[in-house]
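Chains as they are written, first to last, in numbering that gives the first Met the number 0: chain A, 0 to 361; chain B, 0 to 361; chain C, 0 to 361.
These are computed hints drawn from the structure, not numbers from a lab. Any given hint could be a false lead.
What the hints assert, rightly or not - Selected chain B positions facing chain A (Cβ under 10 Å, derived; list incomplete): (1) Pro9; (2) Asp214; (3) His254; (4) Glu341.
Note that the coordinates shown come from a computational prediction; the quantities given were computed from them, not determined experimentally. Glycine included, each C-beta is placed from N, C-alpha and C at the ideal position.
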Amino acid sequence: MKDSEGSGIPVFQLARAVGGEVEGDPERLVFRGAPFDHADETAVTFAETPALLKKLPDCRAGAVVVPESFEPSFGGKTLPARIRHEKPRLAFAKIMAMFHPRKRPFAGISPEAGIGRGVSIGSETVVGSAAYIGNRAVLGERVVIYPGAFVGDDVSIGDDTEIMPNVTVMDGCIIGRRVIIHAGTVIGSDGFGFTPEGETHCKIPQTGIVEIGDDAEIGACNTIDRATFGSTRIGCGVKTDNMVHIAHNVSVGDHSLIVAQAGIAGSVRIGSRVTIAGQAGIAGHLVIGDGAVIGPRAGVVRNVDSGRVVSGTPDMDHRQWLRVQRAIPRLPGLAKQVQEMERRLRSLEQAAGKTGDSESDW
Amino acid sequence: MKDSEGSGIPVFQLARAVGGEVEGDPERLVFRGAPFDHADETAVTFAETPALLKKLPDCRAGAVVVPESFEPSFGGKTLPARIRHEKPRLAFAKIMAMFHPRKRPFAGISPEAGIGRGVSIGSETVVGSAAYIGNRAVLGERVVIYPGAFVGDDVSIGDDTEIMPNVTVMDGCIIGRRVIIHAGTVIGSDGFGFTPEGETHCKIPQTGIVEIGDDAEIGACNTIDRATFGSTRIGCGVKTDNMVHIAHNVSVGDHSLIVAQAGIAGSVRIGSRVTIAGQAGIAGHLVIGDGAVIGPRAGVVRNVDSGRVVSGTPDMDHRQWLRVQRAIPRLPGLAKQVQEMERRLRSLEQAAGKTGDSESDW
Amino acid sequence: MKDSEGSGIPVFQLARAVGGEVEGDPERLVFRGAPFDHADETAVTFAETPALLKKLPDCRAGAVVVPESFEPSFGGKTLPARIRHEKPRLAFAKIMAMFHPRKRPFAGISPEAGIGRGVSIGSETVVGSAAYIGNRAVLGERVVIYPGAFVGDDVSIGDDTEIMPNVTVMDGCIIGRRVIIHAGTVIGSDGFGFTPEGETHCKIPQTGIVEIGDDAEIGACNTIDRATFGSTRIGCGVKTDNMVHIAHNVSVGDHSLIVAQAGIAGSVRIGSRVTIAGQAGIAGHLVIGDGAVIGPRAGVVRNVDSGRVVSGTPDMDHRQWLRVQRAIPRLPGLAKQVQEMERRLRSLEQAAGKTGDSESDW
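Start from the sequences and build out the full structure, keeping to the hints where you can.
In structure tokens:
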């Protein structure tokens with residue numbers, strides 16, 4: 000971080016890099032990105048909402064990314080330099096990345112790393128101290144293996160991938176290019192597979208692997224189990240948050256998002272561009288269609304069709320869940336009301352010479 | 000994996016090892032296990048269900064484990080060699096293990112490992128680079144300590160146990176024989192014990208240990224806390240999935256199963272052969288009887304008798320939970336119906352000269 | 000542990016250290032703390048409840064911490080030495096700490112540790128083998144860095160802090176004094192921040208840090224993400240249990256407690272002395288007031304005022320949740336009763352010449 004703050008970038012260069020258009024001083028130098036309210040003249044920020052855009056004359060930033068369609072109407076007031084862009088937040092993310100390029104935390108292969116036999120290591124790849132690279136592992140170019148990471152036998156890791164500290168990638172797993180695996184995560188642990196043997200459990204050897212596609216980012220302290228046979232598959236561009244558990248034989252389609260502490264049981268098939276919110280759970284062998292959205296803490300026990308939005312336990316249409324959520328706290332009152340109505344009904348029935356016969360197990 | 004595929008095993012030898020009976024060519028060599036639909040002539044598979052058994056003539060496997068009672072009736076069609084066994088899945092698991100014997104990932108004690116004073120290391124035990132073995136630790140025979148694992152002072156580890164990469168076993172813990180502890184797991188961290196001191200919290204020193212019985216298998220990224228006094232106990236043959244949390248002073252009886260992301264609060268006593276499904280939680284100090292089953296995502300707040308099957312939050316009889324699960328999404332409709340009935344009831348009462356008096360807090 | 004058991008401490012010295020008053024033999028030597036029922040004459044214990052105090056003549060402990068107001072009335076029976084104290088449990092915790100002082104598991108800086116450029120290391124600080132200390136990191140005095148821990152570039156760690164094995168502290172994070180970070184925990188991983196780019200997700204660089212206040216204790220296998228900008232803040236004296244997830248930009252006020260497997264989504268602001276029970280989840284951007292209590296497994300979707308106690312999903316007043324919890328298992332019975340009442344109501348209406356019109360979607 001410190002290192003990158005030395006050199007400023009002129010606004011026109013930022014605009015060109017993200018495909019935006021400059022208004023104001025194109026030579027203005029900025030040194031970092033910052034949130035709208037905290038940006039000073041050395042920083043670039045972005046404004047996307049009408050509320051923020053209205054505050055533009057008060058913004059002290061050196062430059063602001065604004066919507067393409069934005070036409071300032073502040074009279075003669077001085078405004079920061081603007082970069083007009085169709086998607087200001089996206090442009091700002093890319094500008095941030097220019098100020099924070101992938102770091103190379105150290106150089107070369109640490110003499111304290113453990114390196115197995117027959118390892119292939121691409122150019123500019125670095126391996127930290129206390130890391131371990133197993134036999135016949137193949138590391139692509141510009142790979143970063145942080146200290147304390149374990150890379151098992153026959154693992155393959157694509158170009159430009161970063162394996163953070165204390166990550167474990169067990170034998171035979173295949174990791175794509177430009178992947179980030181955050182600290183503490185375990186890839187390729189054995190799936191939870193046993194079969195009864197009398198009163199004990201006999202282990203079913205887990206002989207498959209995990210495959211992770213290009214551009215995936217796996218959060219900290221995830222566990223992704225190897226398949227019993229074949230592969231547990233994480234698609235290209237998948238992003239997982241922290242503490243996500245993915246069991247054996249699961250497949251996750253390209254560009255899906257899985258938020259923290261969600262758990263996916265064995266053999267679930269998740270489509271592309273699915274969103275699974277935090278602390279949700281998906282029962283084994285289900286199919287979640289492309290573009291489906293699973294709400295926070297949902298407990299999914301049925302297949303979910305493409306594009307559906309489900310929430311709750313058990314899973315239901317999200318709008319239905321919103322109604323259920325309002326109804327649950329009122330359930331005791333409802334029950335009381337029903338008992339009172341029961342009494343009144345009985346009284347009417349007696350008056351009419353009938354006998355009530357509801358059986359309440361309340 | 001690669002290494003084991005070199006040598007085939009004749010079918011008669013597999014059958015003898017698992018106690019099965021051969022039909023067809025006993026000398027047939029097979030080189031691996033595979034699922035029914037993917038097995039080719041070099042592979043052995045198994046078929047247990049009528050549906051699969053019916054497809055036997057189309058199966059390309061070199062050999063198939065079938066039920067003892069299975070009598071093929073496919074006319075003159077050629078069938079793969081068969082191994083008849085009372086429990087085909089169990090026999091197949093054992094055959095798989097023959098093709099995938101426990102791996103010795105490296106030899107000897109790595110010169111890059113940190114070894115404390117007074118350590119005792121049994122014959123054929125291996126310790127990887129960047130592993131640490133604390134003072135007075137005792138490692139049995141044929142133990143495998145993977146790179147990056149930490150074994151604290153006075154820890155004892157039984158014969159044939161495997162400690163996977165980046166596992167932490169803190170001081171004084173006792174690990175049995177033939178145990179597997181998967182990557183990233185922490186055994187013997189301090190229990191969560193504090194007592195109020197004004198507006199702050201005073202730590203209660205956690206001075207006990209964790210004991211893990213023979214043949215247990217602990218999943219990846221588990222946390223099992225040491226007892227305040229005495230031991231947190233994990234019985235023989237217990238199997239835990241990934242991200243299971245077991246708090247201080249818990250005991251888990253022999254051969255129980257705990258599925259991913261379940262959490263067991265302090266001092267819970269779990270019997271033998273209990274099953275706790277994924278994402279379930281058990282409140283502190285409860286007793287779960289032998290053979291009980293706790294459903295997925297259940298929130299258990301009461302003791303559970305031996306052999307009971309409970310689900311839901313709060314925990315209830317599993318069959319009741321199935322009914323509740325169906326009822327929950329319909330709750331808003333029920334509430335609406337009750338309000339409508341309230342109106343009709345009032346109308347009847349008015350006609351009868353009575354006054355309705357239910358109080359609805361809906 | 001073993002080491003500390005050699006030297007006994009006289010009762011008067013324990014009493015003086017905790018500010019208590021001795022009755023009985025002040026020179027009595029005790030060697031350890033123990034639970035009431037397991038304490039022998041070499042151990043000190045405590046008794047706080049009337050039930051335990053009544054059993055005092057049968058207690059074999061060498062000394063017992065009792066309430067200040069306790070007046071023994073057991074006739075001539077011999078009692079163990081007593082330390083009278085306003086808060087026996089607290090006094091006992093402090094006595095336990097005297098028998099279990101912070102351990103220095105090894106001395107000096109291991110030659111097998113990886114040490115970056117420009118590192119500053121305070122006096123009596125120790126760094127274990129296979130640990131890594133990044134460039135320009137600052138370690139205070141008497142810091143303990145266990146084997147396998149990773150401390151990133153520009154990290155600052157205060158005096159007397161302990162970083163347990165296989166912990167990861169990423170670049171730039173600031174850890175206070177007397178902090179304990181238990182094994183496997185990840186501090187300063189990237190927050191889960193992406194913005195759509197067509198059908199893919201563009202990473203928003205996470206450029207902030209994590210700051211942890213003095214006297215905090217972070218459990219095993221926690222994940223605390225760095226802020227997008229600025230800091231994710233963990234206050235002084237905060238205690239987290241195992242597997243707690245804290246997302247980017249969260250702030251946790253001083254002396255709050257967070258129990259195992261709870262998850263806090265991004266930008267949540269948690270006040271001081273808040274308690275968040277196990278497996279609870281708090282949705283993003285909420286504010287939890289000082290002293291609030293969040294029940295076990297609660298799913299909080301609204302702000303919680305200071306001092307409130309909420310439970311359930313969705314969150315509700317805890318007493319209301321107790322009623323709801325009783326009502327949920329009875330919901331199917333209630334639904335059945337309502338359908339039966341519907342039938343009876345219709346029958347009364349027909350008798351009265353009216354037509355029922357409830358619409359049931361049951």
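Taking the hints in turn, this is what the structure says about them:
A hinted interface residue such as B:Pro9 counts as satisfied when its beta carbon comes closer than 10 Å to some beta carbon of chain A; here the least separation is about 20 Å, so the hint is violated. Given hint, B:Asp214 at the interface with chain A, holds; its Cβ is 8 Å from that chain's nearest Cβ, closer than 10 Å. With a least beta-carbon distance of about 5 Å to chain A, the hint placing B:His254 at the interface is held under the 10 Å criterion. For B:Glu341, the interface hint holds, the least distance from its beta-carbon to any beta-carbon of chain A being 6 Å, beneath 10 Å.
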